[in-house]
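Hey, can you work out the whole structure from these sequences and the hints?
2 protein chains.
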Amino acid sequence: MKIKFCYIGIGFSVAVVLSLFSCVGGEKTTEQQLLSDKHPSLVLTPSGVSEIKANLGKAPLFDQTFAAVVNEVDAALANGIKVPIPKDLAGGYTHERHKTNFFTIQKAGALFQITGDEKYAIYIRDMLLAYAEIWPTLGKHPAERSYARGKIFWQCLNDANWLVYTSQGYDCIYEWLDESTREKLNKELFRPYAEYVSIENPQFFNRIHNHSTWGNAAVGMIGLVMGDEELINWALNGLDIKVPGDIVKDNDGGDIRLDGQKEAGFLAQIDHSFSPDGYYTEGPYYQRYAMYPFLIFAQALANKKPELGILDYRNGLLIKAIYALINQTNSAGEFFPINDSQKGMSLASRELVHAVSMAYYFGGMDPELLSIVEEQGRVPLNNTGMAAAKGVAEGKAKKFQYKSLELSDGAAGDEGAIGIIRAEDLTLVMKYAKHGMGHGHFDRLGFLLYDETGEVIQDYGAARWVNIDHKDGGGYLKENHSWAKETVAHNTLVVDKDSHFDGKVKPADKTAGTPYYFLGGDAVQIVSAKETNAYRDIEMQRTMAVAQVKELENPLVIDLFAVQAPEGTRYDLPLYYMGEYMSSNQKFQTNNNLSPMGQHDGYEHLWAEAQTKLESDIFSMTWFNKRKFYTVTSAVESGDEMIMTRIGANDPNFNLRRDPGLIHRRTGGHTVFASLYEMHGSYDYASERPINSFTSIENLKILHQSEAYVLVQFELKTGENYRFAFSLLDDNESSKHVVETPDGELQWKGIYDFNEYNK
Amino acid sequence: MKIKFCYIGIGFSVAVVLSLFSCVGGEKTTEQQLLSDKHPSLVLTPSGVSEIKANLGKAPLFDQTFAAVVNEVDAALANGIKVPIPKDLAGGYTHERHKTNFFTIQKAGALFQITGDEKYAIYIRDMLLAYAEIWPTLGKHPAERSYARGKIFWQCLNDANWLVYTSQGYDCIYEWLDESTREKLNKELFRPYAEYVSIENPQFFNRIHNHSTWGNAAVGMIGLVMGDEELINWALNGLDIKVPGDIVKDNDGGDIRLDGQKEAGFLAQIDHSFSPDGYYTEGPYYQRYAMYPFLIFAQALANKKPELGILDYRNGLLIKAIYALINQTNSAGEFFPINDSQKGMSLASRELVHAVSMAYYFGGMDPELLSIVEEQGRVPLNNTGMAAAKGVAEGKAKKFQYKSLELSDGAAGDEGAIGIIRAEDLTLVMKYAKHGMGHGHFDRLGFLLYDETGEVIQDYGAARWVNIDHKDGGGYLKENHSWAKETVAHNTLVVDKDSHFDGKVKPADKTAGTPYYFLGGDAVQIVSAKETNAYRDIEMQRTMAVAQVKELENPLVIDLFAVQAPEGTRYDLPLYYMGEYMSSNQKFQTNNNLSPMGQHDGYEHLWAEAQTKLESDIFSMTWFNKRKFYTVTSAVESGDEMIMTRIGANDPNFNLRRDPGLIHRRTGGHTVFASLYEMHGSYDYASERPINSFTSIENLKILHQSEAYVLVQFELKTGENYRFAFSLLDDNESSKHVVETPDGELQWKGIYDFNEYNK
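Protein chains in written order, with full-length UniProt numbering: chain A, 1 to 759; chain B, 1 to 759.
Derived from the structure by calculation, the hints contain no laboratory data.
All of these numbers come straight from a predicted model, not from anything done at the bench.
Note that CB positions come from ideal geometry on N, CA and C, so glycine has one too.
Mixed in with the good hints, there may be bad ones.
Claimed, not checked - In the DMTMM-like style, the derived pairs of lysine to aspartate or glutamate whose C-alpha atoms are separated by at most 20 Å in a straight line are: (1) B:Lys99 x A:Asp684; (2) B:Lys587 x A:Asp472; (3) B:Lys478 x A:Glu580; (4) B:Lys99 x B:Asp126; (5) A:Lys504 x A:Asp537; (6) B:Lys99 x A:Glu688; (7) B:Lys343 x A:Glu688.
Said to hold, decoys possible - Residues from chain B shown here face chain A by an in silico Cβ test under 7 Å; the list is partial: (8) Gly344; (9) Met345; (10) Ser346; (11) Asn467; (12) Met578; (13) Gly579; (14) Met582; (15) Gln586; (16) Asn593; (17) Glu688; (18) Asn692.
Structural data, given as structure tokens:
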């Protein structure tokens with residue numbers, strides 16, 4: 001591919017430039033003219049607008065959103081047009097002003113189309129002219145933090161955000177504008193703007209990365225509005241251009257990695273960013289952010305270039321990705337905070353408001369999506385939003401059925417996965433995916449556990465308050481590296497107090513966990529995976545089962561963490577339970593004088609509040625949170641210790657939450673950590689009545705452990721015994737297995753066995 | 001008063017006893033016969049039952065409660081009658097079983113009356129016969145913890161609970177029973193039961209204390225059912241009986257205090273337990289618990305002895321007390337956790353469900369109470385409940401208007417008070433009441449602050465998990481004394497690291513804080529009180545104002561803590577803010593190695609996480625909680641320090657929450673601690689957009705401080721200056737005052753002055 005472009009000479013007066021350049025992006029073809037003939041045609045379409053007008057007043061969710069947007073935009077109009085010279089970082093005035101501007105332009109465009117009220121068109125036009133006025137005067141943004149500095153914002157990423165939203169508003173007034181204004185804006189603002197975020201910043205535009213997705217969508221969308229095939233081509237297929245050799249890392253430390261990269265552009269992003277199951281390797285928090293440009297550009301392409309069949313691309317991958325996102329949420333609709341994620345981001349976000357309605361409209365009108373739309377309580381002001389709102393108004397909504405599923409990672413789906421098990425109110429998540437690049441955490445085989453109250457066993461999430469200026473400008477905090485990413489901050493095994501892959505992204509990115517077995521939907525559900533790369537000479541396999549045990553009020557989680565390692569290896573297995581300690585069968589020695597537990601790998605942020613050398617066969621601890629009780633029961637080996645930890649040491653700016661943890665410490669070689677997690681009982685503050693506040697587990701024993709098998713038996717207080725056996729090497733469903741136990745042989749067929757055992 | 005009674009011979013066979021005793025409590029009078037003629041007549045009445053029947057199906061709240069109770073009681077019926085020999089403490093099987101029994105008897109009685117279904121009557125009868133069977137065989141409960149051991153439960157208090165509820169069920173089947181069964185129950189179960197909790201345990205029955213209220217109500221109610229005037233007399237007027245000299249303290253360390261006590265019984269409880277405003281000296285948590293026997297017995301007396309005019313007693317005090325309780329709640333309807341209180345106890349409790357409907361019915365059908373009934377979502381199954389449910393069904397409910405008010409303490413209303421200021425979503429509570437006896441905390445002039453999200457500045461509450469067996473049987477924990485009651489655990493001044501009154505209840509109980517000024521409902525609302533007894537030679541006066549400042553989004557709290565003390569006194573002023581530290585204008589030195597801050601008075605439970613010698617004129621710190629920002633701004637004196645604390649040291653059983661605090665430390669003599677508490681802004685996790693996250697306060701200065709006056713001036717970031725002046729000695733509204741300031745004189749009339757100041 002050969003790129004042709006004409007430069008807009010910065011410094012020329014606007015009027016002169018305007019008359020000098022009649023050609024932008026080379027020759028015009030008939031097709032281009034055709035494309036640019038009809039407007040709006042990007043997200044709204046003429047028939048879509050008619051449909052919306054015809055249904056106003058009939059779909060309350062749409063009407064509510066419409067009324068709210070009218071209020072918001074009218075207030076913005078009253079506030080006047082403010083296009084300050086860029087200066088601030090995120091959170092600062094000029095940043096927030098320009099951000100508000102692009103959201104308002106997009107909304108005002110929709111209102112103009114729906115209401116026909118010219119005040120909205122005038123507002124957009126005048127705003128855009130103000131941008132056209134300052135654009136030629138702007139150099140790079142004065143803040144120098146970014147690997148790709150923007151002009152309006154401190155980074156090209158935000159400039160691309162601006163263009164993605166502004167394109168939509170521009171499309172809505174395109175036909176209303178007189179031709180000279182349109183030409184002026186095309187040539188003096190939008191074409192140079194698009195060039196800035198593409199050919200002038202290929203290190204931003206030409207990656208396989210969420211930043212580039214925004215860049216591609218921005219350039220593609222304005223290309224579609226202006227009928228500029230060259231921009232569309234860049235957007236879809238990337239640039240054939242060299243990136244300056246000195247730019248190798250982005251702001252987050254991610255590699256630019258253009259060496260040997262063969263592909264770029266929007267189609268390549270779809271190819272490489274998602275697994276065939278729609279999982280995005282950075283995790284749901286970033287997937288949510290990245291989805292908007294994927295979907296909005298896809299919607300525009302579906303409207304303007306239906307021949308591309310973009311929504312069918314890779315078996316309808318983009319719609320699948322929306323389902324993947326929905327499936328990565330807890331009972332409050334909040335995304336699992338794996339990798340760098342701020343907790344609380346949820347299906348309520350504007351990106352998902354757009355995505356879910358879009359999945360409904362373009363993905364076969366699935367009534368289960370409507371229950372999510374109902375929860376969201378608003379819809380996008382376009383056809384997909386009207387369709388969803390009508391569906392809700394017509395009572396079509398059905399409860400979304402969250403099912404157990406394994407989401408593969410990697411473009412080909414063969415680089416690890418995350419396993420999600422749902423059972424009644426319980427959600428168990430185990431992560432054995434790829435690292436997740438610059439935003440990944442060193443948490444192979446880590447897990448999270450939820451119930452209807454929220455987090456039971458938490459992932460810390462990122463050490464960051466997004467956009468909150470108090471906290472280092474709202475960006476990632478130092479403690480995100482020193483604590484949140486480290487292995488000891490997660491519910492997975494730490495060997496010799498080192499993080500997985502020595503805490504290095506590069507080797508971590510090269511491999512993924514190995515899915516071993518996943519079984520969803522049965523009375524016993526199982527996720528099992530191996531990890532052999534995180535530590536040299538150490539093989540780890542975690543098997544978690546969620547079992548219906550008829551005597552228990554809730555499903556029981558069985559956790560078997562098997563390790564093959566040299567003798568004398570030191571293991572720490574943390575458990576970040578949420579809530580207040582109630583009691584334990586062990587007597588802890590508490591420390592009145594606290595010191596950090598180590599110097600590096602996250603241990604420098606932990607205080608040991610108490611510890612105990614474990615005695616008796618089991619460790620048992622009950623805690624209380626949000627009116628419920630929880631108990632962990634672990635099998636004890638001679639020499640085991642348990643440490644009660646608290647996060648907070650070496651935290652000079654109070655950036656970390658003072659959350660508790662529990663570390664099971666063991667020195668050994670081949671071993672198995674076996675635990676049960678039980679959710680039980682309740683407590684009501686108004687009646688002050690505890691129900692079932694004690695564990696039902698009397699005992700837990702490992703009856704057999706070897707490289708090939710692990711077999712545990714647990715006993716309930718009511719006397720029943722249950723056994724869970726698992727084949728660690730042979731995943732053939734028809735293989736027969738025999739293991740020796742102190743009480744004789746146990747035989748079974750297949751990968752696992754779970755049964756009541758009567759002596 | 002002379003007491004007559006006949007003993008039931010324990011060891012006689014039941015049949016023999018039955019035939020031998022025809023007289024219980026001396027001669028029967030005509031009046032007694034009349035009283036016992038009509039049943040139900042205690043809480044339900046024949047006309048009330050007709051009214052309920054006539055309205056079934058018309059008042060959804062009543063119908064819902066009715067259906068829920070039918071479900072619950074039918075399940076209990078299906079479960080059979082279980083009357084185990086008493087053995088366990090609270091939380092244990094026999095305790096919980098007997099507790100469930102009395103609740104079920106009461107409910108089954110109501111159902112029998114409403115439905116006429118004999119299965120409920122049969123269940124109650126058989127249950128009572130089973131109790132009659134075991135009663136003569138029972139000695140004192142085997143647990144020896146209580147100063148007044150029960151028979152069915154470990155303490156008489158719970159035995160009295162049983163009788164209060166069971167009387168109601170018994171009343172409902174009284175006429176249905178054949179005479180011989182009735183006589184048997186009266187003589188073999190109820191009369192001896194009533195004697196046990198009264199004349200056999202006068203140290204329990206004859207106090208002025210919530211325990212005795214239960215005892216009085218229990219004996220009085222069963223007396224009303226049986227028409228036993230002697231019991232009624234004991235209940236109303238107490239016993240003329242000597243208490244064994246060796247019983248001087250109750251389980252909680254409260255004094256039995258019979259020396260010189262002139263009065264006892266229910267009327268004396270009303271006289272002594274409440275202030276004329278309906279405040280109960282132990283605080284709302286215990287008031288809630290104590291209210292039930294007050295109200296249910298009062299309701300019974302109103303039905304059966306209308307000539308007493310019990311509900312008009314002391315100007316309708318019992319109804320006032322219900323309003324006082326409602327006024328002592330936050331936006332979630334939870335009681336202020338002053339003194340020993342478990343947080344979360346609320347208007348949703350069964351006691352308040354009863355109380356609010358009763359206040360509605362007997363207190364003039366106030367429609368504002370109906371909004372609380374709506375929130376409660378259930379009503380008692382009696383006339384008052386039907387009236388409230390009908391009121392709700394008829395759309396009469398109005399929002400309860402929480403107003404600023406001062407609730408006096410002390411039987412005569414002259415022993416301190418608590419001040420409650422409401423302004424928009426803000427609630428400020430300042431405590432300068434009596435100590436609150438055995439359940440009091442050493443927190444004179446302490447305060448609590450709430451907004452619509454809940455706690456902003458918290459009171460720790462009690463160190464206790466009520467009824468949760470894991471935590472020392474659910475009783476008060478050791479840390480309740482060593483931490484929760486101590487002064488440093490509260491938002492008030494600690495002098496020389498000692499608690500008020502040296503942490504001793506006796507001297508604390510002898511005095512109260514002194515209300516100085518209260519002004520509610522204006523644009524500036526003020527509460528000011530003095531405390532001169534807590535520390536020798538030290539006079540403290542705290543003045544808190546809640547001011548509408550037009551530039552600010554929320555009302556601003558101004559806090560002026562003035563002290564007159566010898567030079568060299570060391571002050572610590574804690575502030576228990578809720579949430580995560582965001583930033584400060586001061587640089588804290590954090591400690592990686594933590595040690596307890598002291599050895600006693602609560603300091604042994606605190607770690608200092610960071611500290612700083614304060615520089616510049618003000619200390620400012622912003623924190624974040626539940627999507628909102630908060631800032632404290634304090635005027636700094638030379639030498640001041642600020643310490644960031646964390647609760648948790650010397651806590652071997654993890655009984656304490658790891659909550660943060662901030663201690664303002666100063667050494668000096670006469671001084672004023674001046675602070676502003678500002679609630680501002682918001683943050684939404686779905687949009688990740690912070691709004692107004694920084695304080696609007698630029699500066700705060702003490703312009704004048706003396707024994708007579710304090711004058712502060714604060715400046716907003718937008719440049720406006722405000723001055724608040726307060727007269728500490730002269731509370732005459734018409735006095736004129738002049739103070740010198742660096743900028744000249746300030747003159748005002750009255751107790752305070754608040755105005756914008758233009759230089």
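Violating hint indices (sorted, rising):
12, 13, 15, 18
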